[in-house]
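Trainee: Sequence:
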Amino acid sequence: MNQLPLSLADLRALTRIVAHRSFRKAADELGLSASTLSHMMKTLEAGLGVRLLHRTTRSVSPTAAGERLLRRLAPVLREFELAIEEVNEYRDLLSGTLRINASEQAARVLMKAALPIFLERFPQMSVDLVTEGRLIDIVAEGFDAGIRLGEAIPQDMIAVPIGTDTRFITVASPQYLKTHPVPLTPDDLPGHQCICIRMPSGKPYRWEFSRNGQSLVIEPKGQLTLDNAEIMVDAAISGLGIAYVPEQTVSQPLADARLVEVLADWCPRIPGLFLYYPGHRYIPSGLQAFIEVLRESH
Numbered sequence: 001m002n003q004l005p006l007s008l009a010d011l012r013a014l015t016r017i018v019a020h021r022s023f024r025k026a027a028d029e030l031g032l033s034a035s036t037l038s039h040m041m042k043t044l045e046a047g048l049g050v051r052l053l054h055r056t057t058r059s060v061s062p063t064a065a066g067e068r069l070l071r072r073l074a075p076v077l078r079e080f081e082l083a084i085e086e087v088n089e090y091r092d093l094l095s096g097t098l099r100i101n102a103s104e105q106a107a108r109v110l111m112k113a114a115l116p117i118f119l120e121r122f123p124q125m126s127v128d129l130v131t132e133g134r135l136i137d138i139v140a141e142g143f144d145a146g147i148r149l150g151e152a153i154p155q156d157m158i159a160v161p162i163g164t165d166t167r168f169i170t171v172a173s174p175q176y177l178k179t180h181p182v183p184l185t186p187d188d189l190p191g192h193q194c195i196c197i198r199m200p201s202g203k204p205y206r207w208e209f210s211r212n213g214q215s216l217v218i219e220p221k222g223q224l225t226l227d228n229a230e231i232m233v234d235a236a237i238s239g240l241g242i243a244y245v246p247e248q249t250v251s252q253p254l255a256d257a258r259l260v261e262v263l264a265d266w267c268p269r270i271p272g273l274f275l276y277y278p279g280h281r282y283i284p285s286g287l288q289a290f291i292e293v294l295r296e297s298h
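Note that UniProt numbering numbers the sequence shown so that position 1 is 1, with each residue one more than the last.
Each hint can be trusted.
With a cut-off of at most 35 Å between alpha-carbon atoms, the simulated DSBU-like pairs for lysine-lysine come out as follows:
1. K25 <-> K42
2. K25 <-> K203
3. K112 <-> K203
4. K203 <-> K178
5. K25 <-> K112
6. K221 <-> K203
7. K221 <-> K178
No wet-lab data here; the hints were simulated from the structure.
Take these sequences, add in the hints, and give me the full structure.
Mentor: Right, dumping it as structure tokens:
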């Protein structure tokens with residue numbers, strides 16, 4: 001039988017290069033030189049007889065063949081890492097890397113309590129926290145867990161609540177409301193300048209409201225579209241329109257009257273943040289420990 005030209009080291013190197021879109025950043029993570037990684041990939045491509053990566057002077061990205069290879073083989077690498085993790089349970093101290101994919105909001109929540117406690121309690125553990133707006137397949141992309149709002153979590157995942165429920169609320173500045181009538185129902189919003197939200201997919205985000213069993217979904221219209229909640233808050237404070245944002249992002253502007261909440265009775269509480277992970281496979285001991293810390297700190 002011919003020897004396969006692909007090793008676990010090659011696969012791990014390929015996944016990190018594609019994840020970082022950079023040989024240098026992947027090399028830093030793996031403790032290798034960028035030239036070594038480049039040589040590994042050229043040798044791998046020669047052995048397979050197909051190009052796996054597009055290379056330019058500024059970036060690197062997978063070819064169609066590279067994407068397909070990663071999609072099929074990434075679970076193999078993950079199973080290998082889990083096998084090593086099971087052996088780690090026999091060590092006196094936990095070690096290894098916990099990979100978590102989270103929204104920016106969720107990452108900020110972790111930084112306040114859970115992460116400092118976890119890293120202090122388990123000094124041989126490290127955490128690779130990736131923040132992005134898009135909802136990904138955490139299994140296919142090699143993450144141990146994800147953190148998102150409850151309504152966004154896939155149904156086949158086990159979810160652990162982090163903290164309390166949350167609200168999305170509509171706010172505007174007193175300056176804006178001096179020159180525009182206060183909306184009394186969501187149906188009044190089409191007559192206003194709304195600060196629109198663009199999703200990572202590029203699609204506009206629809207505003208959802210509910211009161212006394214009645215639900216309304218509004219596609220806001222306005223001159224300004226943004227993709228960051230904190231910048232949306234700044235825009236609302238500047239009087240550029242009505243924003244629809246997580247309540248915790250406007251607690252201080254509401255307290256010092258730079259912003260005013262409108263349509264408050266149309267903005268009920270919804271399930272907040274959850275850590276989630278697949279329930280059909282072995283749970284790494286590092287993730288189990290992290291979940292315990294989350295429960296203690298929230």
